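Undergrad: So the chains spell out like this:
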Amino acid sequence: MKNKTILLVEDNRDDEEFTVRAFRKSRVKNELVVARDGAEALDYLFCTGAYANRNPGDLPQLVLLDLKLPKVDGHEVLRRIRADARTALLPVIILTSSKEESDLVKGYSSGANSYIVKPVDTEQFSACIQQLGLYWLVLNEAVPLPHGSGEST
Amino acid sequence: MKTFFGKFSLRAKLMAIPLAATLGFLVVIVSNQAVVKKVREHLSVIEGRYIPMMEAGPRIAGEFDRLKRALQDAVSAQDEEALEATRQIHDRLLKAADEIAPVVDGPGLSVLKEAIRTYYARAFDVSRRLMAGETGTGVVDAITVMQQKEKLASASLAKVTSFDRHHLNEAFASVRSVQARAAGTSFWVGVVSTALVVGFGFAVSRGLLLSLSAFSSGFARFGAGDLKYRVPVTGSDELGQIASQANQMAGQIEELMLELRKKGESLALLNRELESFSYSVAHDLRAPLRAMQGFSKNILEDHAEVLPAEAARQLERIVVASRKMGQLVDGLLSLSQINRKEIVKSGIDLSAYAQDILDGFRDEASPRKASVTVEPNCLAQGDPRLMHVVLTNLLGNAWKFTGKQAEARIEFGRTSKDGQTVFFVRDNGAGFDMRYADKLFGTFQRLNTEDEYAGTGIGLATVQRVIHRHGGTIWAESELGRGTTFFFTLAEGATK
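Protein chains in written order, with the working numbering: chain A, 1 to 153; chain B, 1 to 496.
The hints are simulated quantities; they were obtained by calculation from the structure and are not laboratory data. Quick caveat, the model's predicted, so the values are computed rather than measured. Treat the hints with caution; some may be incorrect.
[What the hints assert, rightly or not] The list that follows gives simulated cross-link-like pairs (lysine-lysine, DSS-like), each with its CA atoms no further than 30 Å apart: (1) Lys297/B <-> Lys29/A; (2) Lys25/A <-> Lys297/B; (3) Lys341/B <-> Lys68/A; (4) Lys400/B <-> Lys99/A; (5) Lys159/B <-> Lys262/B; (6) Lys417/B <-> Lys345/B; (7) Lys106/A <-> Lys71/A; (8) Lys113/B <-> Lys38/B; (9) Lys297/B <-> Lys99/A; (10) Lys297/B <-> Lys68/A; (11) Lys324/B <-> Lys99/A; (12) Lys345/B <-> Lys99/A; (13) Lys99/A <-> Lys341/B; (14) Lys99/A <-> Lys439/B; (15) Lys25/A <-> Lys417/B; (16) Lys400/B <-> Lys341/B; (17) Lys95/B <-> Lys113/B; (18) Lys341/B <-> Lys106/A; (19) Lys25/A <-> Lys68/A; (20) Lys345/B <-> Lys106/A; (21) Lys400/B <-> Lys369/B; (22) Lys95/B <-> Lys68/A.
[Stated by the list, open to error] In silico negatives: residues of chain A with every beta carbon more than 12 Å from chain B: (23) Ala22; (24) Leu32; (25) Thr96; (26) Tyr108.
Note that CB positions come from ideal geometry on N, CA and C, so glycine has one too.
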């Protein structure tokens, strides 16, 4: 059974490494794809640019989205995901350092499924990532997709 | 009218009212005095001249009658002596006639006296001839002449007295006319001065009232912030001066306000810039901090077996230090957020918050002997989230600083000071030296060492900002080793 991917949109290499490590230690075995800016994330999702050869039907099971991103920022990425019929129902979790109320309101208004503030403490960060994976990939029932190709473990 | 009155000062206008009244009275008094004097003159003339004459007239007539009768009596009685005695009556008659000399003008009196003398001479002659028994035409002729002379004398007398009656009428008429004229003058002077007083009074008080109502509404508009408004200036009197001074003041205030607003705006801009700067600094510090801490931990986890003990210890220190710095950064972020967050007040139950928070401490902490008292129904108007932050910090401090007490006591309640509701959080913990009370609420200020009690020194700064932003004040009373009480108020009327 082929596990669907998790798309991590993160420009900070350190945070990327911590996230990867945390997932590795958890029960989540899905492949982690990293996009380093908003534009790359959109390319991956809509199979354009560098990802032109990717199968558009093969959507990730989960998107972890940072807000402060080069080129296209997280809010814009989320807006484009929700605006497109193919990705409108894709679970998107905002994973950011920003506790700003305006970011929270904007994120939820744009249709984020969850909003998580990265703890400074890596122990807490790691615990947070593990819980998140457990919840969204194991406990949570995914939206039935038309292609029906992927199912969570 | 307005401009005419406006030229004079208010004092002059106010003075004009009694002045006009006084002038009127003076004119009336002086003219009355003149009238009285004139009337008195006339009256004294009447008294000194006509009254004696009116009395003398009948007396002369009486004496005249008496003389005639005495002559007749003497003739009838054939009495020589009585006839001689009539000379005395004649003298008295003349004397009586002389009495009116001062009041009779012209030759009337001498004519009268001459007529009396002539009559008497004839009458005496006739009487002696009759007594001598003389009869005949000679005596009859003499009697006729005598009778003519008597008529002449009576006519003279009548003329003298009737002449003066006319004068008397004239005198009275003149008194009457003087009086009438005086009454007229008084009446008109009274009317004019009353009209002046009323007119002046009306004009002045009307001007005053108009100016005052203009001031009142103008000042009200100034007060409401309409500094572009100008109080209408009528005339150059004191009221006009007040109006123009008030206008000038409003102009200056407006200028100052404008300047102040500009400064305030630039200050607010600067403050916002500073806030967003410190926010982004704090925010951007989080990622590298996480890296420092995370990689140190990764080394400790992944390479524990090859790591020398000293290296492991120092890495642990890095982990602890970066965790500490993370807390500071988070504190700074929340402080900055509190400054920027808009306060949305609603009715809140501080007692319920306090109870919840204290219950939470009990759940988390290892079992502690602590007696907690929360006064019920401490209601207030405030931002629910921020007031929760305040109580979390204050009660958290109380919990923390009673940690070494054998029997901790923590109390939340309400008291009042100068009629205002004051909330308090009291503990019997470590306390602090009141000499350092002014440092209590400073950012990153701590009154204990890190080894004794953990903390970032941001909690009370945050609490103070929240209280200030609610329009309240916060202060503390403490004694080393005996405990601390924090008191805080909220804006007037925010507590019920």
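Undergrad: Next, verify each hint and record whether it holds.
TA: Hint by hint, here is what the structure shows:
1. Lys297/B <-> Lys29/A: holds (23 Å)
2. Lys25/A <-> Lys297/B: holds (14 Å)
3. Lys341/B <-> Lys68/A: holds (21 Å)
4. Lys400/B <-> Lys99/A: holds (27 Å)
5. Lys159/B <-> Lys262/B: Violated. Lys159/B to Lys262/B sits at ~111 Å, over the 30 Å cutoff.
6. Lys417/B <-> Lys345/B: holds (23 Å)
7. Lys106/A <-> Lys71/A: Holds, at roughly 19 Å.
8. Lys113/B <-> Lys38/B: violated (35 Å)
9. Lys297/B <-> Lys99/A: holds (25 Å)
10. Lys297/B <-> Lys68/A: Within the cut-off at roughly 26 Å; holds.
11. Lys324/B <-> Lys99/A: At roughly 19 Å apart (the allowed maximum being 30 Å), Lys99/A and Lys324/B satisfy the hint.
12. Lys345/B <-> Lys99/A: The given pair, whose Cα atoms are some 22 Å apart, holds under the 30 Å limit.
13. Lys99/A <-> Lys341/B: holds (12 Å)
14. Lys99/A <-> Lys439/B: Holds, because 29 Å separates the two Cα atoms, which is no more than 30 Å.
15. Lys25/A <-> Lys417/B: violated (59 Å)
16. Lys400/B <-> Lys341/B: holds (28 Å)
17. Lys95/B <-> Lys113/B: holds (10 Å)
18. Lys341/B <-> Lys106/A: holds (16 Å)
19. Lys25/A <-> Lys68/A: holds (26 Å)
20. Lys345/B <-> Lys106/A: Holds: Lys345/B and Lys106/A sit about 23 Å apart, inside 30 Å.
21. Lys400/B <-> Lys369/B: holds (13 Å)
22. Lys95/B <-> Lys68/A: violated (149 Å)
23. Ala22: Violated: least Cβ distance 10 Å, not greater than 12 Å.
24. Leu32: holds (17 Å)
25. Thr96: The claim is violated: Thr96/A sits with its nearest Cβ about 10 Å from chain B, within 12 Å.
26. Tyr108: holds (17 Å)
Checked against the numbered hints above, the structure violates hints 5, 8, 15, 22, 23, 25; every other hint is satisfied.
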